[in-house]
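Listed in order, the protein sequences are those of chains A and B.
The UniProt record's numbering numbers the first residue of the first sequence as 1 and each following residue consecutively.
The UniProt record's numbering numbers the first residue of the second sequence as 1 and each following residue consecutively.
Mixed in with the good hints, there may be bad ones.
As a list, the in silico PhoX-like pairs of lysine-lysine whose alpha-carbon atoms are at most 20 Å apart [to be verified]:
1. B:Lys92 with A:Lys4
2. A:Lys189 with A:Lys107
3. B:Lys90 with A:Lys4
Bear in mind the hints are in silico, worked out from the structure with no lab data behind them.
Bear in mind that the values here come from a model prediction, so they are computed numbers and not experimental data.
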Amino acid sequence: MKEKRLARLLVSGPPLLFLIVFFVAPSLIMILTSFRFPGEFGGLAPITLPDKAIAEYGFTSDAYHFFFSDFIYTEIFLKSFAVAFGTTLICLILAYPLAVLIARSRKHLRNLMVLLVILPFASNFLIRIYAWMIILGPESALSHFVNTVLGAFGIAPVTLLFSPFAVLVGMVYVHLPFMVLPLYTNLEKHDPSLLDAAQDLGANAWQRFWRVTWPLSLPGVFSGSALVFIPVLGMFAVPDILGGTGDILIGNLIKDQFLGTRDWPFGSALSIMLTLAVLSVAGLTTWFARSATGQRAL
Amino acid sequence: MKRGNPWLWSAAVLVYAFLYIPLIIVVLYSFNDSRLNAEWVGFTLFWYKALFNNTEMLLAARNSLIIALCASFCATLLGTMSGLAIHRYKLKVLPVLVFTPVAMPEILLGVSILLFFLQVLNFTLGMVSIIIAHTTFCIGFVAIIVRARLQGMDESIFEAARDLGASPWQTFRLVTLPLIMPAVVAGALMSFTLSIDDFVITFFTKGVGEPILPIQIYTMIKVAVTPEVNAISTLLMLLTLVMIIIAARLESNGSSEGSAKPHTAK
Numbered sequence: 001m002k003e004k005r006l007a008r009l010l011v012s013g014p015p016l017l018f019l020i021v022f023f024v025a026p027s028l029i030m031i032l033t034s035f036r037f038p039g040e041f042g043g044l045a046p047i048t049l050p051d052k053a054i055a056e057y058g059f060t061s062d063a064y065h066f067f068f069s070d071f072i073y074t075e076i077f078l079k080s081f082a083v084a085f086g087t088t089l090i091c092l093i094l095a096y097p098l099a100v101l102i103a104r105s106r107k108h109l110r111n112l113m114v115l116l117v118i119l120p121f122a123s124n125f126l127i128r129i130y131a132w133m134i135i136l137g138p139e140s141a142l143s144h145f146v147n148t149v150l151g152a153f154g155i156a157p158v159t160l161l162f163s164p165f166a167v168l169v170g171m172v173y174v175h176l177p178f179m180v181l182p183l184y185t186n187l188e189k190h191d192p193s194l195l196d197a198a199q200d201l202g203a204n205a206w207q208r209f210w211r212v213t214w215p216l217s218l219p220g221v222f223s224g225s226a227l228v229f230i231p232v233l234g235m236f237a238v239p240d241i242l243g244g245t246g247d248i249l250i251g252n253l254i255k256d257q258f259l260g261t262r263d264w265p266f267g268s269a270l271s272i273m274l275t276l277a278v279l280s281v282a283g284l285t286t287w288f289a290r291s292a293t294g295q296r297a298l
Numbered sequence: 001m002k003r004g005n006p007w008l009w010s011a012a013v014l015v016y017a018f019l020y021i022p023l024i025i026v027v028l029y030s031f032n033d034s035r036l037n038a039e040w041v042g043f044t045l046f047w048y049k050a051l052f053n054n055t056e057m058l059l060a061a062r063n064s065l066i067i068a069l070c071a072s073f074c075a076t077l078l079g080t081m082s083g084l085a086i087h088r089y090k091l092k093v094l095p096v097l098v099f100t101p102v103a104m105p106e107i108l109l110g111v112s113i114l115l116f117f118l119q120v121l122n123f124t125l126g127m128v129s130i131i132i133a134h135t136t137f138c139i140g141f142v143a144i145i146v147r148a149r150l151q152g153m154d155e156s157i158f159e160a161a162r163d164l165g166a167s168p169w170q171t172f173r174l175v176t177l178p179l180i181m182p183a184v185v186a187g188a189l190m191s192f193t194l195s196i197d198d199f200v201i202t203f204f205t206k207g208v209g210e211p212i213l214p215i216q217i218y219t220m221i222k223v224a225v226t227p228e229v230n231a232i233s234t235l236l237m238l239l240t241l242v243m244i245i246i247a248a249r250l251e252s253n254g255s256s257e258g259s260a261k262p263h264t265a266k
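Chain A with its partners taken away, still in its complex shape (with noise of 0.2 Å):
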């Protein structure tokens, strides 16, 4: 029994560690950060300075007020989850089909399949974002095409690039293989037999889709759109190199907190928002998904 203790800490204690360390402390230490007063050269000011008298030391919640005294951080916040919510819908349209066709596939076919939707995910992150700066560029030639189409119909030419529709078809791009993975592991679990069963009594195509695959898979559609829409909640890179001077996301200021303006306070408060919304998310699509599998469970 002593034996068996000792492995358990000898397995498990390493890595806790590690984690409370490198994990646990840095978080706790952010929540703490955002009720600091910040540096006078950026940074933080101290906790305890016993010489001065003025009221800049301590902690406040200053950081929190500021946050909404000026609408357009609302406003911001705002805006990225209308991103997240459009990159999840558009990713879930585009990856629906091809989850559907990969999970109906023969079995070789359909580890090729899975294979060739990953292959591009795990090339350089910079990079995928970089193809769509050649692609949507001035002298590309799908701007050459779209202006060209416009100017046809007597619309002024427009620019791709540094536009929300680049910032969302970038998004779209990065995030698309975290919604086709989890909606093909769910729809290849289906029996095939329910929709013969369907078929049967006279279901035809489309009401097979909307009353049997479609109910079942929700349980992957919202682990998908999970995996989508928190990370996009966060991302900055995209809209930093995307997007133009308006397209600033939560990311975007976050970063600029940190390694522009040096706002630690701030920035952190701003990070611990965020904390909150991803949280909020998570919990409101776990408690979707079991709401929705517990209603329709056959």
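For chain A, the structure is supplied; the task is to place chain B on it using the hints.
Same frame as chain A, but now just chain B:
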């Protein structure tokens, strides 16, 4: 309905085109004899030559390689332990700590580690802080792979080893470790790729010192785009491709011969 639904096929082809055309364009333009990524002029290896004469870039590649090797080593060690511990014992805290960094937006991990290093440890950011940050999020990926492998195995082998008088250490060394080895190696390769590719966390924990590959690429994209970016991108894609093929080989080999109980048909 069951064989080739034309609608499904055309939708799938469109999605695959959407996934691959951008990457193909990047590779093609790395051989293009023009400064602009606009139209095809002619074939050249100039951008690759420029890349190999760019000392800053080579230094960045070397640094990224060192970081990826160290981070994947630490993550594989700690991640394998986590995977084993989570599978074998009923733990409450460890699974949460192991899997949360995988699930949350990377920027949060980057910010918290930046604050921790600068405030508490009073430590200059650099290679060490990047290695630690990468290890923190790679542990979860290794743990997931190792745990999945353990879940596919028959518990009775371990019981048999114990019944035959093996100590926990002997059971681990002679039975468990050889069986999970393919998963451990796959986890190591995965952490290596994740680390060498990671931009967001590196961006926050890098400090001002040494050049790091993803940061170097980011600066090139932001400041002056030349097809040199395409050349380095192509080389990186090649590297990742090789790593993935090796990892996939190991995993499929492992699951077909190693485990006592065959995987449920998938």
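With a cut-off of 20 Å on the C-alpha distance, tell me whether A:Lys189 and A:Lys107 pass.
holds, 13 Å
Straight-line alpha-carbon gap B:Lys90 to A:Lys4, limit 20 Å:
At roughly 13 Å apart (the allowed maximum being 20 Å), A:Lys4 and B:Lys90 satisfy the hint.
Does A:Lys4 sit within 20 Å of B:Lys92, going by the straight-line distance between their CA atoms?
holds, 18 Å
Violated hints: none; the structure is consistent with every hint.
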